[in-house]
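Student: Each chain is listed here by its residues.
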Amino acid sequence: MVAVQVKDLVKYYGEVKAVKGIKFNIEKGEIFGLIGPNGAGKTTTLRILSTLLTLTSGNVKILGFDLEKKPEEVRKIISYLPEDAGAYKNLTGKAYLEFIANFFDPSEIKKFVTRGIEIADLGERINSKVETYSKGMKRRLLVGRALMTSPKLAILDEPTSGLDVVNAHEIRNIVKKTAEEGTTVLLSSHNMLEVEYMCDRIALINKGLIVEEGKPKDLMKKYKASNIEEVFTKVVKQ
Amino acid sequence: MSALGNIIFKELKELMTPATFLPIIIMAIVFGSMGNTIGGIEDELQEPPTIALINIDNGEFSKIAVDVFNNTANVTFYSQNTADKQQAINVLKEKEGQALLIINQNFSENIEKGETGVFEIYWIMQGAGILDSISSSVVEGLINTVNTNITMQLIQNGNGSVNTTNALNPTGRNETTYFKDKELTGISPSQIANVLSQQSTFIPIIMMIIIIMAGQIVISSMALEKENKTLETLLTLPVKRSSIVAGKIIAAAIVGLILAVIYMMGMGVYLSSFQFQGAAGGAAAFDLTLSGTDMILVGVVVFVSLVAALAFCMLLGTMAKNFKSAQTLTFPVAILVLIPMFITMFKDFDTLPLALKAVLFGIPFSHPMMAPRALLFDDYLMVFSGIIYVAIFALIMIAIVVWVFKTDKIVTGSTSFKWMNRFKK
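For the record, the sequence lines run as chains F and E.
Using the working numbering, the letters of the first sequence correspond one by one to residues 1 to 238.
Using the working numbering, the letters of the second sequence correspond one by one to residues 1001 to 1425.
One chain only, chain F, in its complex shape:
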């Protein structure tokens, strides 16, 4: 079943064409990676799908809801983790999770917070103020926030950005586990190895256009490459 359907998506920032007519589908429960260099249009695409930005033209459907016509319905079933997201510094980690959970089903608040605490795995520090957290702790809290509601679609922009090896590894495992539980995941990353490890399918985006799409293994075979980084280099040079 198709969870996300993107057709001829175009986005202009004034005169600048950030996304020039891309299309892709994501199957339910799939981890789909959007890979590309800085300024390729990854974040813009994710921001459009998370209802933050309006599209210039094209059509996006998320679990049957038209993004342009029903943004409120879309927000109920998605969760977005921006690349450089922050949390309210004066709140404790737990209070932050409670604040977010309050926007969802009132009967499930306790369950969501418990799950958020579990994913963040910050121990006693969950009761400390966010301003005292290290970068890794903050990112874990934010991943917990993004996944605690078991969203139908999780949109994760560079989920392991700026994290050390151990923290990055744990977060990758959390994301994979969430997908196994039924959440569809759309993520972007610079880290080709991470993408190869996590994603069921990927799309390579360059200068606002999707230049290649497929399963990591199939793409490596097609381009006779030993990793996705090599695939990307070959595709861009074509």
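Incorrect hints may appear among the rest.
Capping the alpha-carbon separation at 25 angstroms, the derived lysine-lysine pairs in BS3-like fashion look like this [as the list claims (entries may be wrong)]: (1) LYS217/F with LYS237/F; (2) LYS129/F with LYS1324/E; (3) LYS135/F with LYS1324/E; (4) LYS89/F with LYS1180/E; (5) LYS69/F with LYS1113/E; (6) LYS152/F with LYS1240/E; (7) LYS135/F with LYS1321/E; (8) LYS1406/E with LYS20/F; (9) LYS23/F with LYS237/F; (10) LYS17/F with LYS1406/E; (11) LYS222/F with LYS234/F; (12) LYS94/F with LYS111/F; (13) LYS111/F with LYS1180/E; (14) LYS1085/E with LYS152/F; (15) LYS28/F with LYS69/F; (16) LYS1180/E with LYS1095/E; (17) LYS1409/E with LYS61/F; (18) LYS7/F with LYS1406/E; (19) LYS76/F with LYS94/F; (20) LYS1113/E with LYS76/F; (21) LYS1113/E with LYS1063/E; (22) LYS1095/E with LYS1085/E; (23) LYS94/F with LYS1240/E; (24) LYS152/F with LYS1095/E; (25) LYS217/F with LYS207/F; (26) LYS1321/E with LYS70/F; (27) LYS1324/E with LYS69/F; (28) LYS207/F with LYS1180/E; (29) LYS17/F with LYS69/F; (30) LYS28/F with LYS17/F; (31) LYS237/F with LYS17/F; (32) LYS76/F with LYS1409/E; (33) LYS94/F with LYS1229/E.
These stretches of chain E come out as covered by chain F in the derived footprint (C-beta under 8 angstroms, 3 or more residues) [unchecked claim]: (34) 1236 to 1242; (35) 1398 to 1412.
On the chain E side, residues computed to face chain F include the following (Cβ under 10 angstroms) [as the list claims (entries may be wrong)]: (36) ASN1090; (37) LYS1093; (38) ILE1206.
Simulated from the structure, these hints should not be mistaken for laboratory data.
Built from N, CA and C at the ideal position, the CB exists for glycine as well.
Guided by the hints, dock chain E onto chain F, whose structure is given.
Tutor: This is chain E only, laid out in the frame that chain F set:
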């Protein structure tokens, strides 16, 4: 370039921005305009006051008084019949005169007997601002001149057997003041100005504090959401944009009001030390106090103005890129609050030129500053039209903010609009 020179150059480059200079330049312009206005007071003091005179005394002292008034004032109406009183008042109102002075029949006789000669004075008060009472002060000056001249005449007439107490205070007065369709018996314009001075200084200052403090909270809140990168998350949650806007405005209004109450407690004690003694009693004695309904109306005006101010600040806040830029954005709000604050302190709305009236009415923050005085003198039209105008302004502001929250501008921080781009081209 030396290391020191290099640092100085870098610091100057960072500090010499429009944001640094603009506030000071605008403040200089505001003070300059105020200087011009205050400079105009001297001219007003030099001008002869417009008065009406009814003299039904034929003695020598009333002649002295009439001579002084004729020589130093613009006597727009003169009569020797008290029945002309109403006509004199009408002429004065029409010509924006200051006072009708009636010299009673036994004025001179009383002074000669060692008693006081009584002036019956009917003041036409135009406004209760600090500058509005200048014209009545000029008339007071004329009466002092009359007193001095009568004293001199008494000394000349007395040949050394003058009662000095009477000679130094030869006249007394019975006063009635007409102000905004109210007839206040036994009180002069300066006394009314004293009674109202508490409002004309205290209320504008309180409103300025509330609006600036609460406005700063809203703008900073928006800026912090952007700086801390929490806004994007908030905007993707299942919550209506209007709820985000309303939530921020209501929270800021509550905190702003609490801060204002704390500030007022200290400020109230400080200002009370300068107040006219017995002002409160005086206000009650002359029916210059607000009724319960009036207080509710003042509350409504304050509430809608605060919402309007916060919605306006919220709009400014959407343009803030970070906390630093938010500090600059509070400046337009401060200016819009300071302008009505100074105007209402110095001049009454009714005595302003039409252009300034339009400016004052157009600034939504003026209305809570003007409402208490308008209510004291039953000017309900002014208060209700103010409430309606400010409420419409607030609704438009909120609608614009909600619209901005629904566009890319809130995320991209772009403050340019398509029509502006066309204009630039």
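Student: Each of the hints needs a verdict: does it hold here or not?
Tutor: Right, here's what the structure says about each hint:
{"no.": "1", "hint": "LYS217/F with LYS237/F", "in the structure": "holds (20 angstroms)"}
{"no.": "2", "hint": "LYS129/F with LYS1324/E", "in the structure": "holds (24 angstroms)"}
{"no.": "3", "hint": "LYS135/F with LYS1324/E", "in the structure": "holds (23 angstroms)"}
{"no.": "4", "hint": "LYS89/F with LYS1180/E", "in the structure": "violated (55 angstroms)"}
{"no.": "5", "hint": "LYS69/F with LYS1113/E", "in the structure": "violated (95 angstroms)"}
{"no.": "6", "hint": "LYS152/F with LYS1240/E", "in the structure": "holds (20 angstroms)"}
{"no.": "7", "hint": "LYS135/F with LYS1321/E", "in the structure": "holds (22 angstroms)"}
{"no.": "8", "hint": "LYS1406/E with LYS20/F", "in the structure": "holds (23 angstroms)"}
{"no.": "9", "hint": "LYS23/F with LYS237/F", "in the structure": "holds (21 angstroms)"}
{"no.": "10", "hint": "LYS17/F with LYS1406/E", "in the structure": "holds (21 angstroms)"}
{"no.": "11", "hint": "LYS222/F with LYS234/F", "in the structure": "holds (11 angstroms)"}
{"no.": "12", "hint": "LYS94/F with LYS111/F", "in the structure": "holds (13 angstroms)"}
{"no.": "13", "hint": "LYS111/F with LYS1180/E", "in the structure": "violated (66 angstroms)"}
{"no.": "14", "hint": "LYS1085/E with LYS152/F", "in the structure": "violated (87 angstroms)"}
{"no.": "15", "hint": "LYS28/F with LYS69/F", "in the structure": "holds (22 angstroms)"}
{"no.": "16", "hint": "LYS1180/E with LYS1095/E", "in the structure": "holds (16 angstroms)"}
{"no.": "17", "hint": "LYS1409/E with LYS61/F", "in the structure": "holds (23 angstroms)"}
{"no.": "18", "hint": "LYS7/F with LYS1406/E", "in the structure": "holds (22 angstroms)"}
{"no.": "19", "hint": "LYS76/F with LYS94/F", "in the structure": "holds (22 angstroms)"}
{"no.": "20", "hint": "LYS1113/E with LYS76/F", "in the structure": "violated (95 angstroms)"}
{"no.": "21", "hint": "LYS1113/E with LYS1063/E", "in the structure": "holds (17 angstroms)"}
{"no.": "22", "hint": "LYS1095/E with LYS1085/E", "in the structure": "holds (15 angstroms)"}
{"no.": "23", "hint": "LYS94/F with LYS1240/E", "in the structure": "holds (24 angstroms)"}
{"no.": "24", "hint": "LYS152/F with LYS1095/E", "in the structure": "violated (78 angstroms)"}
{"no.": "25", "hint": "LYS217/F with LYS207/F", "in the structure": "holds (24 angstroms)"}
{"no.": "26", "hint": "LYS1321/E with LYS70/F", "in the structure": "violated (29 angstroms)"}
{"no.": "27", "hint": "LYS1324/E with LYS69/F", "in the structure": "violated (37 angstroms)"}
{"no.": "28", "hint": "LYS207/F with LYS1180/E", "in the structure": "violated (72 angstroms)"}
{"no.": "29", "hint": "LYS17/F with LYS69/F", "in the structure": "holds (23 angstroms)"}
{"no.": "30", "hint": "LYS28/F with LYS17/F", "in the structure": "violated (30 angstroms)"}
{"no.": "31", "hint": "LYS237/F with LYS17/F", "in the structure": "holds (21 angstroms)"}
{"no.": "32", "hint": "LYS76/F with LYS1409/E", "in the structure": "holds (23 angstroms)"}
{"no.": "33", "hint": "LYS94/F with LYS1229/E", "in the structure": "holds (19 angstroms)"}
{"no.": "34", "hint": "1236 to 1242", "in the structure": "holds (count 5)"}
{"no.": "35", "hint": "1398 to 1412", "in the structure": "holds (count 4)"}
{"no.": "36", "hint": "ASN1090", "in the structure": "violated (66 angstroms)"}
{"no.": "37", "hint": "LYS1093", "in the structure": "violated (61 angstroms)"}
{"no.": "38", "hint": "ILE1206", "in the structure": "violated (29 angstroms)"}
Checked against the numbered hints given earlier, this structure breaks hints 4, 5, 13, 14, 20, 24, 26, 27, 28, 30, 36, 37 and 38; the rest are met.
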